[in-house]
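K.L.:
Between the sequences and the hints, there should be enough to build the whole structure, so can you do that?
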Amino acid sequence: MVSRSNLTLTLMAMVLGLVLAWQLKGPRASPPVGYAPGDPRDRAVNAIKQLEDEQAALKASIVRLRTELAASQSQMAADTDRLQRFAADLDAQRVAAGLTAVRGPGVVVTLDDSNMRSVPASSDPNILIIHEYDLRDVINVLWLAGAEAISVNDERIVGNTSVYCVGSTVMVNTTRLSPPYVIHAIGEPATLAETLRNPAYLVMLRQKVERYGIKLQVAQVSKLMLPAYTGGFSVRHGNSP
Amino acid sequence: MNTRTSRFSIALVTFFLGVLLMAQFTTQQRMDVKRASASSADGALLISNLVEGNARLRLEVAELEAQLATSRSATNQARLQAMTDELNHLRMFNGDVEVVGPGVQVTLAGPTSVLDLQDLLNELRNAGAESLALNGWRIVASSSIMPSADGSLAVDNVTIRRPYVFAAIGDPNTLETALLRPGGLLTVFSNSREGLVVHVLRQDRLTVPAHALSQAFQYAMPVK
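Residue numbers (our numbering), protein chains in the order written: chain V, 3 to 243; chain F, 116 to 339.
Simulated from the structure, these hints should not be mistaken for laboratory data.
One or more of the hints may lead you astray.
As the list claims (entries may be wrong) - Derived EDC-like pairs: lysine to aspartate or glutamate, alpha-carbon spacing no greater than 20 Å straight-line:
| no. | chain 1 | residue 1 | chain 2 | residue 2 |
| --- | --- | --- | --- | --- |
| 1 | V | 51 | F | 157 |
| 2 | V | 61 | F | 167 |
| 3 | V | 210 | V | 126 |
| 4 | V | 217 | V | 196 |
| 5 | V | 210 | V | 115 |
| 6 | V | 217 | V | 56 |
| 7 | V | 217 | V | 115 |
| 8 | F | 339 | V | 114 |
| 9 | V | 225 | V | 190 |
| 10 | V | 51 | F | 167 |
| 11 | V | 225 | V | 196 |
| 12 | F | 339 | V | 91 |
| 13 | V | 51 | V | 41 |
| 14 | F | 339 | V | 93 |
| 15 | V | 61 | F | 178 |
| 16 | V | 61 | F | 175 |
| 17 | V | 225 | V | 156 |
| 18 | V | 61 | F | 180 |
| 19 | V | 217 | V | 126 |
| 20 | V | 210 | V | 114 |
| 21 | V | 210 | F | 231 |
P.N.:
Listed below in structure tokens is the structure:
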């Protein structure tokens, strides 16, 4: 009787040990309990799995798109910077080219024909009027003296301006001008005026002033307004490498 | 007594066995819920959260894609291109850059007055020269040709020596025709300037350098 009851106790203890070992080992490796295919819980698990996969894919898309957008935006910012720089450069180049009106101090040079009715028999009566080369000479002196902008009777002198003569009519930028010729030059007024007085320059014009009554007046002014060049300019035959 | 003791032992062991089995079952069930959240109420909540969340994520993706498309639109590129072209034209016009192109080379050999050289520069501009250099010095709007201190000539206050050679970039035909027209300046030079020899040479490729001096304005302010 004792041995039977010992045997029973031994069996119980073995089962208890097994159960204890199972419990301590934990449920990690054990299969889900009470599960069968087709269980509603199984379908839910599948749905969750799908949604979680979708979520992972969407989050990956967002990370990728944010990276691309940041790259694109920094490119756009660089473009905007370049656009702003280009706009500033263009403004400066347009001002330099004479495509904008400018104001500043400078000189007003007035040239006019002589009042004399006759010249000595040996001289050409043309000597009594202002010619295109007189205007060009004055313009050259003004540029040399540091003029930044020049106009003649409100025609801006720019890079492709020619001052020429058709008959006795002076043309500037293909616009017909008539005397008196009023030249506006923006720059340092005293320097402009002094350079115009330099006896080394305007030799022929000075002779005509002294001998034939051609009029040349120079006035320093603190405020001048020069209009923009209104003609065309083309750069079709050259390239800058 | 023996029987009673052993029955008691069996009852005790059975009790512990039952408690342990219970504990094992409960743990297993919790782990299942935790692993798959398969309890119907929790699952429904989780699914609806995921569906809503994914919808928001899809909106975000759509928004980002739209932003990216806008950001990448060609407008800025096109504007940059147009501005670059205009800037290049103006830089060439203003003499800020070297220019290479076809044109004519005009050489004056022999004595030349200041007014004659000014006249020739003017004639070249009138004939359609786009970019000019005199003895390798770039001529810009504000360039001057004046007498130099030593009785020679100076371009922008830089003394130059004979022969005077203009490089004029522009249409070679137009330039040549205009310069050599009967009664034009060069025929006047040839007929009435003693010792002055003029050559006009068409060139496929001329190079005029960039202007060497700064043209920044100190006095002239743009009027807005």
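K.L.:
Against this structure, judge whether each hint is valid.
P.N.:
Here is what the structure says about each hint:
Proposed proximity of residue 51 of chain V and residue 157 of chain F is supported: the alpha carbons are some 14 Å apart, at most 20 Å. Between the alpha carbons of residue 61 of chain V and residue 167 of chain F the distance comes to roughly 14 Å, so the proposed pair stays at or under 20 Å and holds. Between residue 210 of chain V and residue 126 of chain V, the direct Cα distance comes to roughly 12 Å. Compliance with the 20 Å bound is thereby established for this hinted pair. A hinted pair counts as satisfied when its Cα atoms are at most 20 Å apart, and residue 217 of chain V with residue 196 of chain V qualifies at roughly 18 Å.
The suggested pairing of residue 210 of chain V with residue 115 of chain V holds, with an alpha-carbon distance near 10 Å, which does not exceed 20 Å. Annotation: proposed proximity of residue 217 of chain V to residue 56 of chain V is violated, straight-line Cα distance about 91 Å (limit 20 Å). For the given pair, residue 217 of chain V sits about 6 Å from residue 115 of chain V by alpha-carbon distance, which is consistent with the 20 Å threshold. With a C-alpha separation of about 33 Å, the suggested pair residue 339 of chain F and residue 114 of chain V falls outside the 20 Å cut-off, and the hint is violated.
Proximity of residue 225 of chain V to residue 190 of chain V is assessed by CA-CA distance (about 11 Å); at most 20 Å being required, the pair is judged to hold. Our distance criterion of 20 Å between C-alpha atoms is met by residue 51 of chain V and residue 167 of chain F, whose separation comes to about 15 Å. Our distance criterion of 20 Å between C-alpha atoms is met by residue 225 of chain V and residue 196 of chain V, whose separation comes to about 18 Å. For the proposed pair residue 339 of chain F and residue 91 of chain V, the alpha carbon gap of about 16 Å is at most 20 Å, so the pair holds.
For the suggested pair residue 51 of chain V and residue 41 of chain V, the alpha carbons sit about 16 Å apart, so the restraint of at most 20 Å is met. A hinted pair counts as satisfied when its Cα atoms are at most 20 Å apart, and residue 339 of chain F with residue 93 of chain V qualifies at roughly 11 Å. The suggested pairing of residue 61 of chain V with residue 178 of chain F holds, with an alpha-carbon distance near 14 Å, which does not exceed 20 Å. Using a Cα cut-off of 20 Å, the hinted pair residue 61 of chain V and residue 175 of chain F holds, with the two alpha carbons roughly 10 Å apart.
Note on residue 225 of chain V and residue 156 of chain V: the hinted pairing holds, with a Cα-Cα distance of about 15 Å set against a maximum of 20 Å. For the hint pairing residue 61 of chain V with residue 180 of chain F, the CA-to-CA distance comes to about 14 Å; that is within 20 Å, so the pair holds. Proposed proximity of residue 217 of chain V and residue 126 of chain V is supported: the alpha carbons are some 18 Å apart, at most 20 Å. At most 20 Å may separate the alpha-carbon atoms for a hinted pair to count; residue 210 of chain V and residue 114 of chain V meet this at roughly 11 Å.
Distance hint between residue 210 of chain V and residue 231 of chain F is fulfilled; the C-alpha atoms sit about 18 Å from each other, no more than 20 Å.
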